[in-house]
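Q: Given the sequences, and given the hints that come with them, work out the whole structure.
Residue strings, one per chain:
Protein chains: 2
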Amino acid sequence: MTATTSDWKAIGARKKQSVLNKIPQEWRLPAETLAKAHEDAELDVTGIPRECGILTADEITITEKYDATDLLAKLAAGEYSSLAVTTAFCKRAAIANQLTNCLTETFFDEAIERANYLDEHLAKEKKPFGPLHGLPISIKDSFNYIGQETTLGFVSFVGGKTVAKEHSALVKMLLDLGAVLYIKSNIPQTLMTADSENHVFGRTLNPHKLTLTAGGSSGGEGAVVGMRAAVLGVGTDIGGSIRVPALCCGTYGYRPSASRIPYGGQGTPGRVGSPGVLAVAGPLTTSFRDVRLFMEVVLGQQPWKYDHAVLHAPWRQLSAPKTLTIGTLPIDPAFPIHPPMRRALDSAISKLKAAGHTIVPLGYVPSIAVANREIADYYSLDPAITPFKNIEASGEPKIRSVAESPFVSKRNGKLDMDDLYTLNATRAQCMAAWHKIWTTTGIDVILGPVCETTAMPHDTFGNTPYTTLYNYLDYPSIVIPHLKADKEIDVGDDFISYKGYNAEKTHGAPTGVQVAARPQFDEELLNAAEIISEVLKA
Amino acid sequence: MTATTSDWKAIGARKKQSVLNKIPQEWRLPAETLAKAHEDAELDVTGIPRECGILTADEITITEKYDATDLLAKLAAGEYSSLAVTTAFCKRAAIANQLTNCLTETFFDEAIERANYLDEHLAKEKKPFGPLHGLPISIKDSFNYIGQETTLGFVSFVGGKTVAKEHSALVKMLLDLGAVLYIKSNIPQTLMTADSENHVFGRTLNPHKLTLTAGGSSGGEGAVVGMRAAVLGVGTDIGGSIRVPALCCGTYGYRPSASRIPYGGQGTPGRVGSPGVLAVAGPLTTSFRDVRLFMEVVLGQQPWKYDHAVLHAPWRQLSAPKTLTIGTLPIDPAFPIHPPMRRALDSAISKLKAAGHTIVPLGYVPSIAVANREIADYYSLDPAITPFKNIEASGEPKIRSVAESPFVSKRNGKLDMDDLYTLNATRAQCMAAWHKIWTTTGIDVILGPVCETTAMPHDTFGNTPYTTLYNYLDYPSIVIPHLKADKEIDVGDDFISYKGYNAEKTHGAPTGVQVAARPQFDEELLNAAEIISEVLKA
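Note that the protein sequences, when read in sequence, are chains A and B. Heads up, the first sequence is in full-length UniProt numbering, so the first residue is 1 and it goes up one at a time. Heads up, the second sequence is in full-length UniProt numbering, so the first residue is 1 and it goes up one at a time.
Honestly, I wouldn't trust all of these hints.
Identical copies look the same in the list; a pair holds intra-copy or inter-copy alike.
In silico lysine-lysine, PhoX-like type, Cα no more than 25 Å apart, as pairs [unchecked claim]:
1. K505 <-> K74
2. K165 <-> K305
3. K127 <-> K414
4. K436 <-> K172
5. K9 <-> K127
No wet-lab data here; the hints were simulated from the structure.
A: Here it is in structure tokens:
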């Protein structure tokens with residue numbers, strides 16, 4: 001297929017315009033606000049929804065005062081109608097999109113219609129439709145929603161052939177649970193970078209500072225939740241794609257163990273049948289307890305009925321320990337963490353110690369650098385290099401962060417069966433070595449950095465060794481927001497060469513920590529993370 | 001390496017002799033009995049232990065009257081000492097080995113020493129060492145037991161380099177639980193046939209008729225349990241290797257879902273790091289309830305502490321349904337089941353109907369023949385063809401059933417990464433199609449044949465499409481013994497071409513049925529299988 005530049009540009013532009021056209025006139029920001037919101041503006045736009053005059057006072061309260069747990073209680077009690085809540089979040093999503101370019105598809109009308117249906121249900125049946133009754137939930141573009149395109153930002157996927165005929169398994173579940181779906185959120189070309197940019201929808205900007213990345217690949221979702229255009233969003237993660245945007249946008253973000261949350265029936269930038277690392281679906285939220293809510297509600301609905309690949313492992317209700325034994329991940333000298341990330345981690349450790357928890361600095365651990373290199377090989381197994389073919393099919397070029405991606409192995413498409421046996425054997429050895437650390441130290445969880453960096457200027461985020469580690473190991477892992485980068489304090493040490501650190505440019509970016517546990521120890525992890533989250537807030 | 005015929009024959013013969021030498025003189029059968037026990041003798045040897053005069057009356061009672069559940073109660077109560085029980089089973093194992101050639105390694109002295117230790121523990125502590133206190137358990141040769149060789153029947157593995165320095169994870173667990181280990185059991189060269197023959201230990205014979213195979217690859221284990229030389233044995237299964245010997249030898253045999261029982265730390269005939277189908281460990285027993293015992297005891301000991309690859313999915317205690325909805329697997333016309341297997345299945349269906357259970361004949365199901373073909377490709381991914389290299393390394397030839405194996409793909413060692421993507425995509429589709437059958441029919445379990453055939457004359461067993469199906473799908477599946485082949489009744493239909501059926505030759509062979517459930521529905525499966533097992537016994 002040959003295509004001229006104008007072809008792919010025009011196709012992308014038309015698609016994007018068709019989405020923007022669906023924003024009602026009265027939800028549109030004034031031109032002067034729009035003029036200020038661009039990727040070169042060092043602007044925090046999180047306050048604009050409140051100030052722009054588009055939201056009513058009630059709508060500001062609904063979208064700013066509560067988390068999902070609160071809202072669900074009010075929806076179930078009829079204190080708020082789903083119509084009111086859905087309208088508020090649709091409007092805020094429209095505003096957020098104009099500021100951060102966080103959305104791909106919007107289906108506001110369908111959402112309003114469903115909200116009305118749910119309100120009628122509640123009125124008639126005197127009970128909520130389900131445990132997520134009436135709550136608007138945002139989903140990453142990769143999820144299929146009947147009637148909407150799943151373009152994944154590939155120009156070659158635009159034009160109707162990716163219009164979903166079936167919901168993804170999780171989408172069907174969320175609807176069965178009573179949720180309202182209304183938006184899909186932006187992602188990077190190929191889904192394999194921390195910069196959510198593509199040639200259909202453009203680039204998602206960080207709500208806290210538009211010059212910074214919102215993270216990726218669930219960057220649109222990070223911006224949506226960071227803007228409180230949803231209090232519960234669903235992303236996916238094969239190397240940090242939930243946790244990196246959560247860090248960048250100051251939200252909670254949870255990568256569950258593989259195969260606990262339905263992942264089936266999604267669009268994919270690559271090729272079906274990969275023998276590599278499993279991608280997982282998980283929540284981005286504004287509160288810790290909403291992470292638990294998501295897990296308990298989905299697991300409570302027997303997700304194995306919706307997706308053959310989901311483990312038949314019901315959620316275990318455990319009593320939480322009073323004090324934790326927390327292993328701290330040693331920083332790999334190849335990946336020194338930037339001063340604000342160091343400060344967030346040190347602060348967390350100090351607070352946890354002060355609260356009576358035991359900190360166990362882990363000594364030798366299997367090389368994080370090796371795991372990071374090995375996982376890039378796992379990402380690069382497909383001899384057909386399908387994601388790149390999907391780019392080439394329209395004539396569009398690679399975005400910069402894909403062209404420079406650390407997640408594409410030098411052996412991309414050239415790894416053979418021998419290599420895969422070796423990769424698997426090495427990974428099993430690494431898992432066994434880590435297993436020994438757990439069983440010999442008796443730690444409850446591991447505390448460490450999310451990334452080397454906070455949100456970075458666009459196209460410079462690069463590698464994510466501290467999140468890929470847990471994909472490599474299949475460890476459930478959660479990002480807990482904690483503090484913000486401060487150029488006055490976070491000056492760093494002269495003798496450490498920080499990859500591209502610029503205190504000025506990242507000033508104000510959210511920071512956070514990451515907590516992880518062993519495979520399928522999601523329940524134990526969330527119990528511990530709840531305690532840690534409370535300590536960090538105190 | 002070059003080796004003459006005499007080299008590999010001599011190495012194998014020396015190794016085998018060294019094992020036989022460890023049988024005390026007073027446990028040896030008279031020459032006239034030994035002369036009758038050979039692979040061309042149509043002889044049922046299951047009665048010989050009772051009649052041969054080597055076992056005391058108590059030892060006959062201990063080895064014949066009880067299952068593991070009974071024995072554990074008596075051991076815990078001090079009614080029998082572990083010394084008495086262990087001695088009885090050591091002696092019976094020695095007898096069984098002389099008749100069926102079922103063993104590889106024996107460590108009777110160590111077992112007796114441990115039994116004494118456990119008896120002292122009970123006397124001193126007034127409580128059993130653990131839930132398997134004092135019980136002798138037999139293990140397949142592939143398990144590593146410190147100080148014993150894991151030759152897997154490869155001549156090239158003899159000579160000290162496979163002497164285990166660490167126990168397999170499950171072996172360590174069983175010891176921690178109080179079991180006594182005393183024997184390892186024979187397997188086929190490469191572990192990939194239903195004929196447990198190799199050039200080190202020779203061929204295992206079927207206790208019920210020595211001219212028939214004991215099955216494979218856990219054929220030694222089948223013969224051990226079939227001879228009641230153990231009431232609980234542990235095998236492994238990647239295509240039927242627990243269930244086929246269970247069928248052949250008239251025992252219960254259970255293939256749990258992958259990764260529920262520790263599999264780690266075993267010897268392997270192949271190459272570490274396979275991206276193919278997972279092998280699993282599971283029990284062969286003389287009673288249904290011992291299958292449950294094994295699962296509950298192992299799962300109750302937090303097996304994920306012993307093996308990083310074990311799912312953190314505790315055993316779920318469920319109440320059993322009163323009546324079952326049982327789907328029956330359609331017989332694939334490519335694999336007609338032999339008349340005795342048909343009769344066993346028909347009898348089971350009749351009895352279950354009569355007992356008030358609902359039988360739902362499944363209509364269209366994804367092709368069993370395709371699954372069987374696809375799994376052979378999964379077995380054949382290793383470009384180094386390591387199992388064959390391990391044969392060639394000593395100069396020994398392939399055994400006949402390996403040379404003619406239906407489990408070796410025509411593309412053995414030649415499948416590439418593209419093929420693997422396609423295999424995985426096809427498998428996922430098949431799993432999804434089956435998932436739909438479960439969710440739309442509401443069946444509790446699937447009932448079907450174990451194999452096309454009963455135990456067959458040596459080297460003619462061939463394919464096992466009805467067991468490989470459940471490895472392909474990762475379905476937990478159990479063999480329940482039911483009836484025996486009878487040449488007077490099992491005449492078959494003229495219009496069906498049964499693969500090698502000979503009513504005369506298989507007369508007296510045990511028959512049985514197989515019951516399966518969805519991945520990680522082990523608990524539901526055993527609840528249903530318990531009901532089915534009771535109905536079949538009635």
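Q: Are the hints correct? Go through all of them and say.
A: Now the hints, each set against the structure:
1. K505 <-> K74: Answer is neither; intra-copy 41 Å and inter-copy 74 Å both fail.
2. K165 <-> K305: Cα proximity of K165 and K305: one copy only (20 Å, versus 44 Å across).
3. K127 <-> K414: Cα proximity of K127 and K414: none, with 57 Å in one copy and 60 Å across.
4. K436 <-> K172: Cα proximity of K436 and K172: across copies only (15 Å, versus 40 Å in one copy).
5. K9 <-> K127: Classified as neither: same-chain Cα gap 49 Å, cross-chain 78 Å, threshold 25 Å.
Of the hints listed earlier, those the structure fails to meet are numbers 1, 3, 5, in rising order.
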